[in-house]
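Chain order of the listed sequences is A and B. The first sequence maps to residues 823 to 899 in my numbering. The second sequence maps to residues 260 to 554 in my numbering.
Hint data in this document are derived by calculation from the structure and do not stem from the laboratory. Hints are supplied without guarantee of correctness; some may be wrong.
Below, computed lysine to any residue pairings styled on SDA-like, alpha-carbon distance capped at 20 Å [claimed, not checked]:
1) A:Lys828 x B:Ala530
2) A:Lys828 x B:Arg291
3) A:Lys826 x B:Met542
4) B:Lys294 x B:Leu271
5) A:Lys826 x B:Arg524
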Amino acid sequence: MGVKVKLVGFLRKYAPQRGSLNLEDADGRTVAEMMADLGIVPASVSVVLVNGHYVKPRSYVLQEGDEVTLLPPIGGG
Amino acid sequence: MNGEIEERLRQLATVAPEERGLTLLPLSAVRRVAKEFGLSPREVEIRALEQRILPARYLRSLGTVGWEGQIRLLQATVAVVGLGGLGSSVVEGLARAGIGRLILIDPDIFVEHNLNRQLFSTEANLGASKVEVAKTRVAEINSAVEVITYDVKATAENLPRLLEGADVVVDALDRLPIRLVLQDVAQRLGIPMVHGAIGGMTGQVTTILPGDEGLYALYGHGEVPERGIEAEQGCPTATPMMVAAWQVQEVLKLLLGRGEPLRRRMLIMDAETGTADVIRLGMGESEVDVGWASK
Numbered sequence: 823m824g825v826k827v828k829l830v831g832f833l834r835k836y837a838p839q840r841g842s843l844n845l846e847d848a849d850g851r852t853v854a855e856m857m858a859d860l861g862i863v864p865a866s867v868s869v870v871l872v873n874g875h876y877v878k879p880r881s882y883v884l885q886e887g888d889e890v891t892l893l894p895p896i897g898g899g
Numbered sequence: 260m261n262g263e264i265e266e267r268l269r270q271l272a273t274v275a276p277e278e279r280g281l282t283l284l285p286l287s288a289v290r291r292v293a294k295e296f297g298l299s300p301r302e303v304e305i306r307a308l309e310q311r312i313l314p315a316r317y318l319r320s321l322g323t324v325g326w327e328g329q330i331r332l333l334q335a336t337v338a339v340v341g342l343g344g345l346g347s348s349v350v351e352g353l354a355r356a357g358i359g360r361l362i363l364i365d366p367d368i369f370v371e372h373n374l375n376r377q378l379f380s381t382e383a384n385l386g387a388s389k390v391e392v393a394k395t396r397v398a399e400i401n402s403a404v405e406v407i408t409y410d411v412k413a414t415a416e417n418l419p420r421l422l423e424g425a426d427v428v429v430d431a432l433d434r435l436p437i438r439l440v441l442q443d444v445a446q447r448l449g450i451p452m453v454h455g456a457i458g459g460m461t462g463q464v465t466t467i468l469p470g471d472e473g474l475y476a477l478y479g480h481g482e483v484p485e486r487g488i489e490a491e492q493g494c495p496t497a498t499p500m501m502v503a504a505w506q507v508q509e510v511l512k513l514l515l516g517r518g519e520p521l522r523r524r525m526l527i528m529d530a531e532t533g534t535a536d537v538i539r540l541g542m543g544e545s546e547v548d549v550g551w552a553s554k
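Could you put the whole structure together from the sequences, leaning on the hints where they help?
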């Protein structure tokens with residue numbers, strides 16, 4: 823089952839195929855560690871959702887079946 | 260008197276065989292009846308629609324909006340908070356759709372760096388109040404729309420008063436923390452909120468109903484930065500228009516009780532990669548459902 827990671831917007835470049843990745847060995851690692859593994863600069867992504875919900879990347883430990891969405895923070899108008 | 264108005268409307272309306280035999284009321288007739296009977300153009304349009312006489316300006320909306328839907332829009336009040344790139348295009352759309360009353364909130368005046376994207380800004384009106392310019396523009400587009408302006412910065416303190424009477428509020432602000440404040444107030448008042456934001460070529464839209472987690476599902480309950488990637492990538496020309504159009508459509512859907520709002524879902528469009536994603540946002544069920552805002 824693994825951990826599913828969806829990359830949105832310009833973060834898609836980290837998963838050029840379809841904008842999502844399936845990681846078999848990410849459970850037990852924090853989101854921040856998983857992002858470092860993928861080479862994603864944390865500063866470019868400060869919004870991390872797990873199963874549709876905000877988490878802190880450094881403290882949230884991934885579990886089997888989690889759906890992670892990484893998106894850029896945007897607030898302009 | 261009631262019958263007289265209807266009689267007068269019938270006199271001035273014309274049947275349009277080329278438009279499926281619809282009975283149309285031209286703008287000149289709306290104005291004339293308003294003057295003769297001391298009514299507002301909005302009241303005249305509602306009276307006409309009730310008689311299945313269509314103010315001609317809504318002819319191309321009718322197929323989607325319907326007779327009762329157009330009456331509902333004319334009876335609705337929508338607050339737009341922030342009149343920048345998003346807010347100006349949202350106001351333009353809502354005025355054309357025939358929303359009866361708009362509450363516009365923004366403390367700013369037009370400056371040169373607004374010209375790249377803000378629909379109401381022109382070289383001639385630099386220095387003018389955004390809400391005042393918007394009010395003039397709405398009157399030019401649709402005189403049936405009543406506009407209430409607040410030339411003030413939205414705060415937790417003043418928002419409950421400013422949003423009074425609104426059926427829907429549009430979040431078209433440009434800083435993250437105040438967006439959360441707006442959500443708090445909208446939820447307390449039981450008003451659905453349509454959130455839109457942009458940064459560079461990326462834009463997002465979501466509709467947040469009372470009881471939904473909304474922006475808290477996105478940013479948590481801790482400290483929120485003032486700005487996102489727009490601090491670096493700016494607010495270019497096209498992205499606000501893309502997002503504003505979706506926000507207008509979400510407002511209309513809520514008021515009409517039609518379609519599925521982007522609720523507990525967020526649309527993220529990224530023009531740079533040419534992709535649009537709808538992501539899940541927040542958890543939990545709310546008892547309130549589609550069309551709840553319709554009366």
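A quick look at each hint next to the structure:
| no. | hint | verdict |
| --- | --- | --- |
| 1 | A:Lys828 x B:Ala530 | 17 Å, holds |
| 2 | A:Lys828 x B:Arg291 | 58 Å, violated |
| 3 | A:Lys826 x B:Met542 | 18 Å, holds |
| 4 | B:Lys294 x B:Leu271 | 14 Å, holds |
| 5 | A:Lys826 x B:Arg524 | 18 Å, holds |
Taken one by one, the earlier hints fail for this structure only at number 2.
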